Amino acid sequence: MHNVVIVGAGPAGLSAALAAAAAGAPVLLLDSNQRLGGQYWRNSSEPIESQKDQHFDLDTGMLLMNAVKARKEISVWNGAQIWSASHKDGVNTLRVLHQGGEKIINTANLVLCTGAYDRTLPFPGWDIPGVMTPGGVQSLIKGHGVLAGNKVVVAGSGPFLLPVAAGIIKAGGQVVELLEANKSKRWLLSPLTLLENITKLKEAFYYIKTISQGKVRARFGVAVIAAHKGVDGKLESVDVATIKRNFKVKKTRNVKCDVAAIGWGFTADTSLAGALGCKLKVARDKGVVAEADSNQQSSIPGIFVAGELTGIGGAELSMAEGVIAGISAAKFVGCKVEISRAHKKRRAKKQRFADALIRSYPVKSGWLTWLKNETTVCRCEEVSVGNLKYAIEELGATDSRTAKLFTRCGMGLCQGRVCGRSVVDLVAAELNISPTDTDRISAVNRPIISPIPLGVLAAGE
Amino acid sequence: MKNPDAIVIGAGLVGACAALALTNAGLKVLVIDRGPVASGTTGAGEGNILVSDKEPSAELTLALRSRDAWFELNTDVGGGFELEDKGGVVISRSSQGIDNLKKLSKLQAQNGIEVVQLDAAGIRQIEPHISKDVEYAVLYPQDAQCQPMLAAACIMRAVRKRGGVFMQGENVKSITVESGKVVGLVTEKNRYSSPIIINATGTWAGEVAKMAGSYLPIMPRRGFILVTAPAPKIVHHKVYDADYVANVASSDADLQSSAVVEGTESGTILIGASRERVGFKSDLDVAVLRQLARQAISLFPILSNIALLRAYRGFRPYAPDHLPVIGEDANVSGLWHAAGHEGAGIGLAPATGELLVSQITGTKAFMDPTPFSPKRFKEGEALAI
Amino acid sequence: MQSNIEFTFDGQKMLALPGQSVGAALLAANQRTLRTTRFNENERGVFCGIGICFDCLVVINGVGNQRACLIEVTAGMNVQTQVGSHA
Chain A
2 MHNVVIVGAG PAGLSAALAA AAAGAPVLLL DSNQRLGGQY WRNSSEPIES QKDQHFDLDT
62 GMLLMNAVKA RKEISVWNGA QIWSASHKDG VNTLRVLHQG GEKIINTANL VLCTGAYDRT
122 LPFPGWDIPG VMTPGGVQSL IKGHGVLAGN KVVVAGSGPF LLPVAAGIIK AGGQVVELLE
182 ANKSKRWLLS PLTLLENITK LKEAFYYIKT ISQGKVRARF GVAVIAAHKG VDGKLESVDV
242 ATIKRNFKVK KTRNVKCDVA AIGWGFTADT SLAGALGCKL KVARDKGVVA EADSNQQSSI
302 PGIFVAGELT GIGGAELSMA EGVIAGISAA KFVGCKVEIS RAHKKRRAKK QRFADALIRS
362 YPVKSGWLTW LKNETTVCRC EEVSVGNLKY AIEELGATDS RTAKLFTRCG MGLCQGRVCG
422 RSVVDLVAAE LNISPTDTDR ISAVNRPIIS PIPLGVLAAG E
Chain B
6 MKNPDAIVIG AGLVGACAAL ALTNAGLKVL VIDRGPVASG TTGAGEGNIL VSDKEPSAEL
66 TLALRSRDAW FELNTDVGGG FELEDKGGVV ISRSSQGIDN LKKLSKLQAQ NGIEVVQLDA
126 AGIRQIEPHI SKDVEYAVLY PQDAQCQPML AAACIMRAVR KRGGVFMQGE NVKSITVESG
186 KVVGLVTEKN RYSSPIIINA TGTWAGEVAK MAGSYLPIMP RRGFILVTAP APKIVHHKVY
246 DADYVANVAS SDADLQSSAV VEGTESGTIL IGASRERVGF KSDLDVAVLR QLARQAISLF
306 PILSNIALLR AYRGFRPYAP DHLPVIGEDA NVSGLWHAAG HEGAGIGLAP ATGELLVSQI
366 TGTKAFMDPT PFSPKRFKEG EALAI
Chain C
43 MQSNIEFTFD GQKMLALPGQ SVGAALLAAN QRTLRTTRFN ENERGVFCGI GICFDCLVVI
103 NGVGNQRACL IEVTAGMNVQ TQVGSHA
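Protein chains in written order, with my numbering: chain A, 2 to 462; chain B, 6 to 390; chain C, 43 to 129.
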């Protein structure tokens, strides 16, 4: 029996690993982190029971992580970074940096659970030390027991802002403002979905309770539109604006803080799926995701995809998809196992909730009006809005790919993971056109998934 | 512009330079490309402007003129494309190779190329990080580099500002020929009339020739370039192994590669240059990346710690005799070719434009264009794939 | 909780907890600037915290472009601010 190879050990990957192992398949689970859990159940080297404060539901996570460690059919490679991957004639080749060297995995089947990372929008001052993503602030607390600062503004859009604010308060920090750019009543658009996902409501109330203990009240229709540094070069304050439904500014005030955690939902990490040649598509939130059929199979037979990679939907949907992907992969390698209707029903319920969520937290194009000519867009290559305008107006770029090649915008070390999505919108707005799906999908094309030292590359076969 | 004096098909560097030369000669020019500017081989190039890799030949005469033309053009269009006369350094490590390089450079010096012989100490003075086993090299101060995409864009901007028109995203469907003469062409969207059509479609030039009922033997030769993470200035020239010259001239279909290493203004280091004849196969070939990395490290051991960030591939357009094609079609009058420059298209583009225009307008050229004539091929001439 | 791993940052003695990343240990010591950019010499620090953005680059034991948010502190590690690009 061949191994089921799973990439990513968050909620989807852990679920897939257990489902495949339960069906009798040997499993190899790879993750770039040093510990299991992904971003959602990120944990530190402290005794895990002591970290429950920072999680709404660490019990489920501990259950999955402990089960994965206990099952002898599952081998785990932590700290494994895939730098390149390809698919040819039914065989997937993963080239992995692990324990200081390169290892090659050839497998007919794969389960990709590569997750997502914070979506950010450029704005004046977003490159000042102290401006961070909410996920970054949370990972420091969960993974390292460190508070990024003492006076924190949490802003942007989406339900993720709640656990981040709650986590800061639990860790002893002060949340000076909690700002949601969208209006609160958007949620009422889908009351039935809310009711059938009652655990999600419980989760929200859990965070709101913590946040109110921290004497913070969430404000809606408000956003951070600029950040300022003090004489020491560090973040000193942010401009907080009341915004219209289209995100255009009504009025602003200045708020002192030493950290601003600003995020706009999530972007799926499609680099590996894309390198393998899995078909990608543009989701409702205009993010690029991997296509999946009802068995979580990608466009390539034998490659299964689950979790945030297939569309942003949270940990519960990820688990539901992970189980189905794990069973599908086990079946693919010859195990006698079937996906039950209950599995698919659970997934459908979580999917309805995820859809409602995406509808409730849109990012409207008015954010483009917050930018100035000198605002940095590409943090790696220090490309400004003005540089992009020059590429369009003077050099005649008529699409985001050409604008990128003229300016190196999105061509630095992060390979456009941070700015790529925004650049597509910015260039299209500048040209007064709508971005095509091809524009969006070509912005996530990264044949080299992560940088590899030339010496390591040279030593490989 | 429905009735231009001339239509250039292809907005790569050769097309852009042809369009600029025609515009500067007073013609109303329309440029058509199926994609954006520099979206073919130009966008996949390193930006080489080399004289060092040429043996005394017609191509060297073209290269020497083109090198100077680049700097004139830089002034003409107002710069903006990172043109840098950084100089090339060619090394060799075998006694046979050193002998050959000495002979070649002596011959080059007699034919107008500036050549500086370097001993072990001399090399280290200009390239401190070069591998310890390099004891002989030749410096070619005339070798230069530009950012080819920006160059094409800046040249096209000048063409537009001087009255030319650029239609991008238009695929040419057919070329209309009446009694052996070009009269116009049809794209997916429009129909244009013109007595002059320039085929500057590089690797795809054979297809365009076919549209006019003629033929041109141009084939793709794939190459990969590695791009590193930004690094401090550790490679100061374009540095390459003399084997490169042998590979350029080789007719072998298999993979050949020899390290060509250079720093760029943006801080990344570019590593070339592989050559294989595999048609338009575009997948990333890790074996080629590894070989290029090994060869680059053997030149500059310090590169070992520097990370590979991107790799891209392009398809060099080559003719059976490895010479560019610059001149009027063998069968159709009014159809002019400027293609097949293989890996030297960036460097040779400005002089190609000049040579083309002097033939079209009947003015005196800086050299005899006969060696580059399309008439040198026999119909049906076989190409090794 | 005990800070029991010693390392240096720009020559200064620092302490980290077992399993802590370089970035986390430095932030805990209120050290926010980890590098300066190569063109505009702007200060940068931890941004995404999970290895995506490559903004928290530092020089570790002489090797540049290391992501402070990913690399665990080890005893005696020599960490330096990265100025511009670094080989």
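By construction, these hints were calculated from the structure, which means they are not laboratory data. Quick caveat: nothing in here was measured; it's all calculated off a predicted structure. We put the beta carbon where it would ideally sit given N, CA and C, even for glycine. Any given hint could be a false lead.
Claimed, not checked - Far from chain A by the CB rule (all over 12 Å, computed), these chain C residues:
(1) THR50
(2) ASP52
(3) GLY53
(4) GLU85
(5) PHE89
(6) CYS95
(7) VAL105
(8) ASN107
(9) LEU112
(10) ALA117
(11) GLY118
(12) MET119
(13) ASN120
(14) SER127
Unchecked claim - Below, simulated DSS-like cross-link-like pairs (lysine-lysine); rule was C-alpha separation at most 27 Å, straight line:
(15) A:LYS390 <-> A:LYS184
(16) B:LYS215 <-> A:LYS280
(17) A:LYS365 <-> A:LYS201
(18) B:LYS91 <-> B:LYS215
(19) B:LYS380 <-> A:LYS89
(20) A:LYS373 <-> A:LYS230
(21) A:LYS373 <-> A:LYS245
(22) A:LYS210 <-> A:LYS152
(23) B:LYS238 <-> B:LYS33
(24) A:LYS89 <-> A:LYS249
(25) C:LYS55 <-> A:LYS280
(26) B:LYS286 <-> A:LYS390
(27) A:LYS282 <-> B:LYS33
(28) B:LYS186 <-> B:LYS33
(29) A:LYS203 <-> A:LYS89
Stated by the list, open to error - Derived list of chain C stretches under chain A, where covered just means 3 residues or more per stretch with a C-beta under 8 Å from a C-beta of chain A:
(30) 54 to 68
(31) 74 to 80
Straight-line alpha-carbon gap LYS286 (chain B) to LYS390 (chain A), limit 27 Å = violated, 35 Å
task = Quickly compare the C-alpha distance for LYS186 (chain B) and LYS33 (chain B) to 27 Å and report which way the hint goes.
result = This hinted pair holds, its Cα atoms lying about 19 Å apart.
Cβ separation check - ASP52 (chain C) to all of chain A, threshold 12 Å = Correct as stated: the minimum Cβ-Cβ distance to chain A is 15 Å, above 12 Å.
query = When you look at the beta carbon of MET119 (chain C), is every beta carbon of chain A farther off than 12 Å?
reply = Non-interface label stands for MET119 (chain C): nearest chain A Cβ at 15 Å, farther than 12 Å.
query = Was GLY118 (chain C) rightly flagged as not at the interface, with every chain A Cβ beyond 12 Å?
reply = Label holds. Min Cβ-Cβ 18 Å, cutoff 12 Å.
task = Classify the label on THR50 (chain C) as holds or violated, using whether its beta-carbon is more than 12 Å from each beta-carbon of chain A.
result = Its Cβ never comes within 12 Å of chain A, the nearest being 19 Å, so this holds.
ask   = Holds or violated: LYS390 (chain A) with LYS184 (chain A), Cα cutoff 27 Å?
value = Roughly 32 Å separates the two Cα atoms, so the pair is violated.
query = Is the hinted pair LYS373 (chain A) and LYS230 (chain A) satisfied, with a Cα-Cα distance of at most 27 Å?
reply = holds, 17 Å
key: Within 8 Å of chain A's CB atoms, at least three CB atoms from the region 74 to 80 of chain C: coverage verdict   = holds (count 5)
request  = Measure nothing beyond the straight line between the CA atoms of LYS55 (chain C) and LYS280 (chain A); if it is 27 Å or shorter, mark the hint as holding.
outcome  = Violated, at about 50 Å.
task = Would you check the hint for LYS91 (chain B) and LYS215 (chain B), treating anything up to 27 Å between C-alpha atoms as holding?
result = violated, 40 Å
request  = Report holds if the minimum CB distance from GLU85 (chain C) to chain A is greater than 12 Å, and violated otherwise.
outcome  = violated, 5 Å
Against the hints set out earlier in the document, violations occur for numbers 4, 5, 6, 7, 8, 9, 14, 15, 16, 18, 19, 23, 24, 25, 26, 27, 29.
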